[in-house]
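Going left to right, the sequence shown walks through residues 1454 to 1562 as the numbering used here numbers them.
Hints are not guaranteed to be accurate.
Pairwise CB distance ranges, derived in the manner of DEER restraints [claimed, not checked]:
| no. | residue 1 | residue 2 | range |
| --- | --- | --- | --- |
| 1 | W1511 | E1470 | 17 to 23 Å |
| 2 | D1456 | S1512 | 26 to 32 Å |
| 3 | W1511 | P1463 | 16 to 22 Å |
| 4 | F1474 | G1505 | 27 to 33 Å |
| 5 | S1512 | P1460 | 34 to 40 Å |
| 6 | R1510 | P1460 | 40 to 46 Å |
| 7 | S1512 | E1464 | 28 to 34 Å |
| 8 | V1513 | F1455 | 29 to 35 Å |
| 9 | L1514 | P1463 | 16 to 22 Å |
| 10 | D1493 | D1459 | 37 to 43 Å |
| 11 | R1494 | P1460 | 32 to 38 Å |
| 12 | A1516 | P1460 | 36 to 42 Å |
Hints were generated in silico from the structure; no laboratory data involved.
Cβ atoms here follow ideal geometry from the backbone N, Cα and C, with glycine treated the same way.
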Amino acid sequence: MFDVADPADPEQILVHETEFFHHNLDTDGETLYLCGNDGDRNPLVCVDVETGREAGRWSVLDADDRWAEAHPASGGFTTCGSPTASCTAPTGRRGPGSSTSPTPPTRRH
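All chains should be built: construct the whole structure from the sequences, respecting the hints.
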(Lines of atoms letter the chains of each structure in order from A and count residues from 1; the text may use other names and numbers.)
(Lines give C-alpha, C1' and ligand atoms only; values in the text may rest on other atoms or scores of the structure.)
Protein backbone atom coordinates (compact mmCIF):
# COMPACT_ATOMS: atom_id res chain seq x y z
CA MET A 1 0.00 0.00 0.00
CA PHE A 2 1.35 3.41 -0.97
CA ASP A 3 0.57 6.91 0.25
CA VAL A 4 0.35 9.00 -2.92
CA ALA A 5 -0.47 12.33 -1.26
CA ASP A 6 2.62 13.56 -3.14
CA PRO A 7 2.40 11.77 -6.52
CA ALA A 8 5.99 12.72 -7.31
CA ASP A 9 7.19 10.92 -4.16
CA PRO A 10 4.91 7.95 -3.28
CA GLU A 11 5.66 6.38 0.10
CA GLN A 12 5.22 2.65 0.75
CA ILE A 13 3.33 2.35 4.04
CA LEU A 14 2.21 -1.29 4.12
CA VAL A 15 3.21 -4.69 2.78
CA HIS A 16 0.77 -7.59 3.01
CA GLU A 17 1.57 -10.64 0.85
CA THR A 18 -1.35 -12.66 -0.51
CA GLU A 19 -1.77 -15.73 -2.70
CA PHE A 20 -4.44 -14.02 -4.81
CA PHE A 21 -4.65 -11.06 -7.18
CA HIS A 22 -6.48 -7.86 -6.30
CA HIS A 23 -9.06 -6.54 -8.73
CA ASN A 24 -10.71 -4.35 -6.15
CA LEU A 25 -9.79 -3.02 -2.72
CA ASP A 26 -10.71 -0.24 -0.35
CA THR A 27 -9.58 1.27 2.94
CA ASP A 28 -11.04 3.45 5.66
CA GLY A 29 -7.54 4.41 6.83
CA GLU A 30 -7.47 1.78 9.58
CA THR A 31 -8.39 -1.38 7.68
CA LEU A 32 -7.52 -2.48 4.15
CA TYR A 33 -10.36 -4.47 2.55
CA LEU A 34 -9.29 -6.96 -0.14
CA CYS A 35 -11.35 -9.17 -2.46
CA GLY A 36 -9.80 -12.57 -1.66
CA ASN A 37 -9.90 -14.16 -5.11
CA ASP A 38 -8.79 -17.62 -4.03
CA GLY A 39 -11.12 -19.48 -6.43
CA ASP A 40 -12.76 -21.32 -3.54
CA ARG A 41 -14.58 -19.19 -0.97
CA ASN A 42 -13.51 -15.77 -2.34
CA PRO A 43 -13.61 -14.08 1.05
CA LEU A 44 -13.46 -10.44 2.02
CA VAL A 45 -10.01 -10.16 3.65
CA CYS A 46 -9.46 -7.40 6.22
CA VAL A 47 -5.90 -6.22 6.94
CA ASP A 48 -4.84 -3.93 9.79
CA VAL A 49 -3.17 -0.94 8.07
CA GLU A 50 -0.92 -0.21 11.06
CA THR A 51 0.54 -3.73 11.44
CA GLY A 52 0.02 -5.27 7.99
CA ARG A 53 -1.48 -8.35 9.65
CA GLU A 54 -4.71 -10.01 8.58
CA ALA A 55 -7.45 -8.89 10.98
CA GLY A 56 -10.07 -11.31 9.67
CA ARG A 57 -11.87 -12.73 6.67
CA TRP A 58 -15.48 -13.43 5.79
CA SER A 59 -17.19 -15.32 2.97
CA VAL A 60 -20.88 -15.42 2.12
CA LEU A 61 -20.42 -19.23 2.05
CA ASP A 62 -19.58 -19.09 5.76
CA ALA A 63 -22.76 -17.13 6.49
CA ASP A 64 -25.26 -19.39 4.72
CA ASP A 65 -24.55 -22.85 3.26
CA ARG A 66 -27.30 -22.42 0.66
CA TRP A 67 -24.94 -20.13 -1.28
CA ALA A 68 -22.67 -23.12 -1.93
CA GLU A 69 -25.40 -24.62 -4.14
CA ALA A 70 -26.15 -21.43 -6.10
CA HIS A 71 -25.53 -21.14 -9.82
CA PRO A 72 -23.82 -17.74 -9.93
CA ALA A 73 -23.34 -15.43 -12.87
CA SER A 74 -20.61 -12.83 -12.53
CA GLY A 75 -19.75 -9.67 -14.37
CA GLY A 76 -16.69 -7.56 -13.74
CA PHE A 77 -16.97 -3.81 -13.52
CA THR A 78 -13.79 -1.87 -12.84
CA THR A 79 -15.65 0.89 -11.01
CA CYS A 80 -18.12 -1.27 -9.09
CA GLY A 81 -16.41 -4.53 -8.14
CA SER A 82 -17.86 -7.85 -9.28
CA PRO A 83 -21.53 -8.30 -8.50
CA THR A 84 -22.89 -11.85 -8.29
CA ALA A 85 -26.45 -12.88 -9.07
CA SER A 86 -28.25 -16.21 -8.96
CA CYS A 87 -29.50 -17.54 -12.30
CA THR A 88 -32.12 -19.77 -10.72
CA ALA A 89 -35.63 -18.70 -9.84
CA PRO A 90 -36.41 -18.60 -6.12
CA THR A 91 -39.00 -21.16 -4.99
CA GLY A 92 -42.50 -19.81 -5.23
CA ARG A 93 -41.66 -16.78 -7.37
CA ARG A 94 -44.41 -15.95 -9.83
CA GLY A 95 -44.03 -14.73 -13.38
CA PRO A 96 -45.55 -11.47 -14.65
CA GLY A 97 -49.32 -11.70 -14.95
CA SER A 98 -49.38 -15.17 -13.38
CA SER A 99 -50.61 -16.07 -9.95
CA THR A 100 -50.10 -19.85 -10.15
CA SER A 101 -46.99 -20.82 -12.12
CA PRO A 102 -43.45 -20.15 -10.92
CA THR A 103 -41.06 -18.39 -13.28
CA PRO A 104 -38.68 -20.99 -14.76
CA PRO A 105 -34.92 -20.40 -14.62
CA THR A 106 -33.50 -18.70 -17.68
CA ARG A 107 -30.17 -19.77 -19.13
CA ARG A 108 -28.17 -17.80 -21.63
CA HIS A 109 -25.19 -19.22 -23.42
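To see whether the hints hold, each was checked on the structure:
no.	hint	result
1	W1511 x E1470: 17 to 23 Å	20 Å, holds
2	D1456 x S1512: 26 to 32 Å	30 Å, holds
3	W1511 x P1463: 16 to 22 Å	30 Å, violated
4	F1474 x G1505: 27 to 33 Å	18 Å, violated
5	S1512 x P1460: 34 to 40 Å	35 Å, holds
6	R1510 x P1460: 40 to 46 Å	32 Å, violated
7	S1512 x E1464: 28 to 34 Å	33 Å, holds
8	V1513 x F1455: 29 to 35 Å	30 Å, holds
9	L1514 x P1463: 16 to 22 Å	36 Å, violated
10	D1493 x D1459: 37 to 43 Å	39 Å, holds
11	R1494 x P1460: 32 to 38 Å	36 Å, holds
12	A1516 x P1460: 36 to 42 Å	40 Å, holds
In terms of the numbered hints stated before, the structure departs from hints 3, 4, 6 and 9, listed from lowest to highest.
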